[in-house]
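**Q** The chain contents come next:
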Amino acid sequence: GDSVIQMQGQVTLSENDFLFINCTYSTTGYPTLFWYVQYSGEGPQLLLQVTTANNKGSSRGFEATYDKGTTSFHLQKTSVQEIDSAVYYCAMSGLNAYKVIFGKGTHLHVLP
Amino acid sequence: DMKVTQMPRYLIKRMGENVLLECGQDMSHETMYWYRQDPGLGLQLIYISYDVDSNSEGDIPKGYRVSRKKREHFSLILDSAKTNQTSVYFCASIPGTANTGQLYFGEGSKLTVL
Chain A
1 GDSVIQMQGQ VTLSENDFLF INCTYSTTGY PTLFWYVQYS GEGPQLLLQV
51 TTANNKGSSR GFEATYDKGT TSFHLQKTSV QEIDSAVYYC AMSGLNAYKV
101 IFGKGTHLHV LP
Chain B
1 DMKVTQMPRY LIKRMGENVL LECGQDMSHE TMYWYRQDPG LGLQLIYISY
51 DVDSNSEGDI PKGYRVSRKK REHFSLILDS AKTNQTSVYF CASIPGTANT
101 GQLYFGEGSK LTVL
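Chains as they are written, first to last, in this note's numbering: chain A, 1 to 112; chain B, 1 to 114.
Next up, chain A with everything else stripped away, as it sits in the complex (with noise of 0.2 Å):
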């Protein structure tokens, strides 16, 4: 079945440094990824979202790259900065475009 995988529990880096979040995932369908950042008491908001047809998805200074060789689908930004304490979500819809799984989640933590 449809899988996303998120490796990195926890990320605790300083105002700006390089971020690079892992995810990939497994399907047979053609995937819709996204990425969804979730505050401290909210629910989770859509960060980015990439189809097969645009393979490269950025937001707010966030980026993430379809790659269908690898079927990896990483977050990167080039300089975190306090606000963007959150944890991260992958996800992805697969065969069944209406069913949205996500990954473990990842949990920035970004010191001043």
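Hint data in this document are derived by calculation from the structure and do not stem from the laboratory. Backbone N, C-alpha and C fix where the C-beta goes; we use that ideal spot for every residue, glycine too. Accuracy of the hints is not assured; some may be wrong.
Derived Cβ-Cβ restraints for the label pairs, each shown as a range [to be verified]:
{"id": "1", "chain 1": "B", "residue 1": "Pro61", "chain 2": "A", "residue 2": "Val11", "range": "26 to 36 Å"}
{"id": "2", "chain 1": "B", "residue 1": "Asn18", "chain 2": "A", "residue 2": "Gly61", "range": "40 to 50 Å"}
{"id": "3", "chain 1": "A", "residue 1": "His107", "chain 2": "B", "residue 2": "Pro8", "range": "19 to 29 Å"}
{"id": "4", "chain 1": "A", "residue 1": "Gln45", "chain 2": "B", "residue 2": "Tyr10", "range": "16 to 26 Å"}
For lysine-lysine, the following DSSO-like pairs were computed, each having C-alpha atoms within a straight-line distance of at most 30 Å [said to hold, decoys possible]:
{"id": "5", "chain 1": "B", "residue 1": "Lys3", "chain 2": "A", "residue 2": "Lys104"}
{"id": "6", "chain 1": "B", "residue 1": "Lys82", "chain 2": "A", "residue 2": "Lys104"}
{"id": "7", "chain 1": "A", "residue 1": "Lys104", "chain 2": "B", "residue 2": "Lys62"}
{"id": "8", "chain 1": "B", "residue 1": "Lys69", "chain 2": "A", "residue 2": "Lys99"}
{"id": "9", "chain 1": "B", "residue 1": "Lys3", "chain 2": "B", "residue 2": "Lys110"}
{"id": "10", "chain 1": "A", "residue 1": "Lys99", "chain 2": "B", "residue 2": "Lys62"}
{"id": "11", "chain 1": "B", "residue 1": "Lys62", "chain 2": "B", "residue 2": "Lys13"}
{"id": "12", "chain 1": "B", "residue 1": "Lys3", "chain 2": "A", "residue 2": "Lys99"}
{"id": "13", "chain 1": "A", "residue 1": "Lys104", "chain 2": "B", "residue 2": "Lys110"}
Given chain A's structure and the hints, the job is docking chain B onto it.
**A** Using the frame of chain A, we list chain B on its own:
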């Protein structure tokens, strides 16, 4: 303003009691979801509702049931709650399929089962 509202936000129940979590959306979205969120496990899909009285099991439906009698309203019901159902529950909705739109989440309902 597009909004998903969950009630109650916090709930404490004893094992064996029934639990009703309610979710409303003001966007006329057809598809709605219930997820639970646990540390280290992320968001796990309990049920999907495609429209009124058109519900489908997600990945972890055991111990839960749902009701959708109006498009704007989607309920999650726990008959005889168990301690391992202590979690934060999130409702979400989407205007079409996930290929065409984003999920809109509520703020979550934190359930503690003693």
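**Q** Compare the distance between the alpha carbons of Lys3/B and Lys110/B with 30 Å, and conclude whether the hinted pair is satisfied.
**A** Since the Cα atoms of Lys3/B and Lys110/B sit roughly 19 Å apart, the hinted pair holds (cutoff 30 Å).
**Q** Check the hint pairing Lys62/B with Lys13/B against an upper bound of 30 Å on the C-alpha distance.
**A** It holds: about 19 Å lies between the C-alpha atoms, which stays within 30 Å.
**Q** Quickly compare the C-alpha distance for Lys3/B and Lys99/A to 30 Å and report which way the hint goes.
**A** Measuring from Cα to Cα gives roughly 21 Å; hence the hint holds.
**Q** 16 to 26 Å was suggested as the range; check whether the CB atoms of Gln45/A and Tyr10/B agree with it.
**A** The hinted range 16 to 26 Å holds for Gln45/A and Tyr10/B, with Cβ atoms some 21 Å apart.
**Q** Check the following: the C-beta atoms of His107/A and Pro8/B are separated by a distance inside 19 to 29 Å.
**A** holds (26 Å)
**Q** Given the hinted pair Lys104/A and Lys62/B, is their Cα-Cα distance within 30 Å?
**A** holds (20 Å)
**Q** Between Lys104/A and Lys110/B, does the CA-CA distance stay at or below 30 Å?
**A** holds (18 Å)
**Q** Do the Cβ positions of Asn18/B and Gly61/A conform to the proposed distance bound of 40 to 50 Å?
**A** holds (46 Å)
**Q** Can the suggested window of 26 to 36 Å be confirmed for the beta-carbon pair Pro61/B and Val11/A?
**A** Roughly 32 Å apart at Cβ, these two residues keep to the hinted range, so it holds.
**Q** Is Lys99/A close enough to Lys62/B, meaning Cα to Cα at most 30 Å?
**A** holds (18 Å)
**Q** Measure nothing beyond the straight line between the CA atoms of Lys3/B and Lys104/A; if it is 30 Å or shorter, mark the hint as holding.
**A** Between Lys3/B and Lys104/A the Cα gap is close to 25 Å, so the pair holds against 30 Å.
**Q** Does Lys99/A lie within 30 Å of Lys69/B when you go C-alpha to C-alpha?
**A** Distance ~21 Å between Lys69/B and Lys99/A Cα, so the pair holds.
The structure shown violates none of the earlier numbered hints.
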